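J.: Residue numbers (my numbering), protein chains in the order written: chain D, 1 to 314; chain U, 1001 to 1325.
FYI, nobody ran anything at the bench for these hints, they're computed from the structure.
None of the values given here were measured: they were computed from a predicted structure.
Some hints could be false.
Not the full set, but computed from the structure, chain U residues with beta-carbon under 8 Å of chain D [what the hints assert, rightly or not]: (1) Leu1029; (2) Ile1033; (3) Thr1036; (4) Gln1246; (5) Asn1290; (6) Asp1296; (7) Ala1299; (8) Tyr1300; (9) Leu1316.
Distance windows between CB atoms, simulated [said to hold, decoys possible]: (10) U:Leu1029 - D:Asp300: 45 to 51 Å; (11) D:Asp284 - U:Trp1102: 29 to 35 Å; (12) D:Gly174 - U:Gly1098: 27 to 33 Å; (13) U:Leu1126 - D:Gly75: 26 to 32 Å; (14) D:Thr289 - U:Ile1099: 49 to 55 Å; (15) U:Arg1197 - D:Glu178: 57 to 63 Å; (16) D:Ile142 - U:Ser1156: 26 to 32 Å; (17) D:Gly174 - U:Ile1099: 29 to 35 Å; (18) U:Leu1126 - D:Asp300: 53 to 59 Å.
Okay, derived cross-link-like pairs now, DSSO-like style, lysine-lysine, Cα gap no bigger than 30 Å in a straight line [to be verified]: (19) U:Lys1127 - D:Lys228; (20) D:Lys148 - U:Lys1042; (21) D:Lys301 - D:Lys79; (22) D:Lys311 - U:Lys1042; (23) D:Lys301 - D:Lys148; (24) D:Lys301 - D:Lys276.
All residues carry an ideal CB built from backbone N, CA and C; glycine is no exception.
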Amino acid sequence: MKKIISLVLVALMVLMASAVAEGITIAVVPKSLDNAIFLDSQAAAEAKGEELGINIQWTGSPTSDAGMQVQVIEGLIEKQVDGILISCNDADALEDVINRAVEAGIVVGCFDSDSPNSNRAFYCGTDNYAVGKLAAEKMMEIIPEGGKVAILTGVLGAPNLEERIRGFKETVEGTNIEVMPVQTGNDDVQTSVDVVGQYTAANPDLAAWFFDGGWPYFADPDALPEVKAFMENGGHIISVDTCEPMMQYVGMDMVDLLIGQNYPAMGAIGVETLYKIITGAEVDLGDETHYIDTGFELVDKANYEEVWATKTPW
Amino acid sequence: MSQQTNTKKSGGIGRILSINGVGIFLVLLAMCIALTIAVGNKFLSASNIISVVRQFSFYGILAIGMCMVIITGGIDISVGSVFALSGVIACMGITKWGIPVWISVLMGLAAGALMGYINGACITWLKLPAMIATLGMQSIARGVAYTVTGGYPIGSLPDNFKFIGLGTIFGIPTPIILMVLLAALAIFFLNMTVVGRRIYAIGGNEEGARISGVNVNRIKRLVYALCGLTAAISGIAMAARLGVGQSTAGQGYEMDAIAATVIGGASLSGGSGSIIGAIIGAAIMGVLRNGLVLLDVSAYWQQTVIGIVIIAAVALDNLRHVQHK
Chain D
1 MKKIISLVLV ALMVLMASAV AEGITIAVVP KSLDNAIFLD SQAAAEAKGE
51 ELGINIQWTG SPTSDAGMQV QVIEGLIEKQ VDGILISCND ADALEDVINR
101 AVEAGIVVGC FDSDSPNSNR AFYCGTDNYA VGKLAAEKMM EIIPEGGKVA
151 ILTGVLGAPN LEERIRGFKE TVEGTNIEVM PVQTGNDDVQ TSVDVVGQYT
201 AANPDLAAWF FDGGWPYFAD PDALPEVKAF MENGGHIISV DTCEPMMQYV
251 GMDMVDLLIG QNYPAMGAIG VETLYKIITG AEVDLGDETH YIDTGFELVD
301 KANYEEVWAT KTPW
Chain U
1001 MSQQTNTKKS GGIGRILSIN GVGIFLVLLA MCIALTIAVG NKFLSASNII
1051 SVVRQFSFYG ILAIGMCMVI ITGGIDISVG SVFALSGVIA CMGITKWGIP
1101 VWISVLMGLA AGALMGYING ACITWLKLPA MIATLGMQSI ARGVAYTVTG
1151 GYPIGSLPDN FKFIGLGTIF GIPTPIILMV LLAALAIFFL NMTVVGRRIY
1201 AIGGNEEGAR ISGVNVNRIK RLVYALCGLT AAISGIAMAA RLGVGQSTAG
1251 QGYEMDAIAA TVIGGASLSG GSGSIIGAII GAAIMGVLRN GLVLLDVSAY
1301 WQQTVIGIVI IAAVALDNLR HVQHK
């Protein structure tokens, strides 16, 4: 009896090993599992995985935390996945573990948020500095007379958000736009709504807001009476992100312009590029820094209905 | 010294405003005066005051339940996750499962109370430390919230649900009214009922309370269930206020609730604390955050300032208390 059980176990192990060996597994690791912004990347990565006939493992830390993300990558090294596509919470903190994964024979690519000094094969995503720069240029067009502009950000220190702020500030430097001290909503919708409401009400001479992420627009329009009043009284808002719930705000004139990152492209291009590297196929890794630009989309009153029709309802 | 002891000595108004409460109220008053001098009407405008009170009312409701737990000498770090899951359940009931609003809200409330009761059961039956039991529940509740929503926010909520968080009664936002009503109920419960007084007794001397015939375990389960219930009320009110139920809501709110309770004079070793103090503690946090926004303090400095003010507020109150003795 023992022999039969041993034989069955060995046979099962051989079967499992061959199954693993046959299929390519790519782990996709967002900044956190609690950020709905990555859902479009997940859907696109999984669709691309199905198209290519490979396994996609969507995994990550429950919240945005570089330390926990390091542990997730260490687990994936132990599991010996073939590829890892990661959005880094901290460029430097993830550098060492990415290099260890590469040494272990795993191909690593970054999406959304890069770790440029690591040995990752490529980064596909948005040039966040360019997003801030673009927002500033559009702001100068919207308020040629200049004035005070407030900035709302999320978690302080996130490299992508800091780059957007830097791009915005450096572009408006020396112009008639006065940038007010940065305010944070800590990636929390309620805090963002309250901070924007209170700051707007307290600064009647404020000309515009730049939201470097769209947190307030995840709430219901009824929850933002201050924003509505601000826009009705001649204020202006430019916001990053073009998620589905945000589209209604363009139609309601509660935001002038949305600048969206292409999250589906990041998921799909990231997985496809990793697959090509793993299988030894010819691959285009962009410029000398191996940066693949997934571009961004602009949404305003003129095209929001058209863009909205392409979005998966939340 | 427990609030109960204080109240027995002082009576009347002092029965409600314990010595701890008065001290910390003076800190709040000083902050309000300083802000009024610094920014004037920006702080004192009706819209700003309502905004601040509405903002901290959610933390205040959380702090009511947390205060009772801390009085027993326990801690509940699952309230942020329970807050999220209860809000999500109520919203999903309405929009995904087609259940009437009031039943969906009751489901959310029941879920919160149940999760709190399970916390209490783990602590009293399985003899787990409160920190570990509620840490586990923090993860479980958050995980269930992610799972049932798939990470997506739940929107398109009807107006009668949104009234819970966005409505006004006689011009006062509903979350503020909710906080005041719940605080009044909790003050009555803690000070005027036998069970309430036993809650203080357990925190002051658990073994003594047990020997004198108090069913310590049953009261602890009740207190954790009430803490879960207040987290659920706050979470549902927040989902209604934002018009969206989110699995990510309430992250870190447990720390704000604990901070508010301790600022309000509660001792983490149990036996002392007051609901009024906890609400004032939440108000201090709210006024502080509002003040930093109004004073145009950069977000990069705000966290540091908040930490300094919390320590200074409690230290000042402690010093005043020592001098009083």
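J.: Now tell me if each hint is right for this structure.
T.: Structure-based check of each hint:
1. A hinted interface residue such as Leu1029 of chain U counts as satisfied when its beta carbon comes closer than 8 Å to some beta carbon of chain D; here the least separation is about 20 Å, so the hint is violated.
2. Interface hint at Ile1033 of chain U: violated, since its Cβ lies 18 Å from the closest Cβ of chain D, which is beyond the 8 Å cut-off.
3. Because the beta carbon of Thr1036 of chain U sits about 13 Å from the nearest beta carbon in chain D, more than 8 Å, this interface hint is broken.
4. Annotation: Gln1246 of chain U was flagged as interfacial toward chain D, and the flag holds, the nearest CB pair being 7 Å apart, inside 8 Å.
5. With its C-beta approaching chain D no nearer than about 6 Å, Asn1290 of chain U sits inside the 8 Å limit, and its interface hint holds.
6. This hint holds: Asp1296 of chain U has a C-beta 5 Å from the nearest C-beta of chain D, less than the 8 Å allowed.
7. The beta carbon of Ala1299 of chain U is positioned within 8 Å of a beta carbon in chain D (closest approach about 4 Å), and the interface hint is therefore held.
8. Interface restraint check: Tyr1300 of chain U against chain D, minimum CB-CB distance 6 Å, threshold 8 Å, status holds.
9. Annotation: Leu1316 of chain U was flagged as interfacial toward chain D, and the flag is violated, the nearest CB pair being 26 Å apart, outside 8 Å.
10. The given range of 45 to 51 Å is respected by Leu1029 of chain U and Asp300 of chain D, whose C-beta atoms sit roughly 48 Å from each other.
11. Distance hint for Asp284 of chain D and Trp1102 of chain U: a CB-CB separation of about 58 Å, inconsistent with the stated range 29 to 35 Å.
12. Distance hint for Gly174 of chain D and Gly1098 of chain U: a CB-CB separation of about 57 Å, inconsistent with the stated range 27 to 33 Å.
13. As the Cβ distance of Leu1126 of chain U to Gly75 of chain D is approximately 29 Å, the hint placing it in 26 to 32 Å holds.
14. Between Thr289 of chain D and Ile1099 of chain U the beta carbon distance is about 53 Å. The supplied range of 49 to 55 Å therefore holds.
15. Distance hint check for Arg1197 of chain U and Glu178 of chain D: the Cβ-Cβ separation is about 58 Å, which falls inside the suggested range of 57 to 63 Å.
16. The hinted range of 26 to 32 Å is satisfied by Ile142 of chain D and Ser1156 of chain U, whose Cβ atoms lie roughly 31 Å apart.
17. At about 58 Å, the CB distance of Gly174 of chain D to Ile1099 of chain U disagrees with the hint of 29 to 35 Å.
18. In this structure the hint that Leu1126 of chain U and Asp300 of chain D lie 53 to 59 Å apart at CB holds, the actual value being about 57 Å.
19. Our distance criterion of 30 Å between C-alpha atoms is broken by Lys1127 of chain U and Lys228 of chain D, whose separation comes to about 52 Å.
20. A C-alpha spacing of about 17 Å is found between Lys148 of chain D and Lys1042 of chain U, which places the hinted pair at or below 30 Å, so the restraint holds.
21. Of the supplied pair hints, the one linking Lys301 of chain D and Lys79 of chain D is violated, its CA atoms being roughly 48 Å apart against a limit of 30 Å.
22. Proposed proximity of Lys311 of chain D and Lys1042 of chain U is contradicted: the alpha carbons are some 40 Å apart, above 30 Å.
23. At most 30 Å may separate the alpha-carbon atoms for a hinted pair to count; Lys301 of chain D and Lys148 of chain D meet this at roughly 24 Å.
24. The straight-line distance between the Cα atoms of Lys301 of chain D and Lys276 of chain D is roughly 39 Å, outside the 30 Å bound, and the hint therefore fails.
Violated hints, in rising order: 1, 2, 3, 9, 11, 12, 17, 19, 21, 22 and 24; the structure is consistent with all others.
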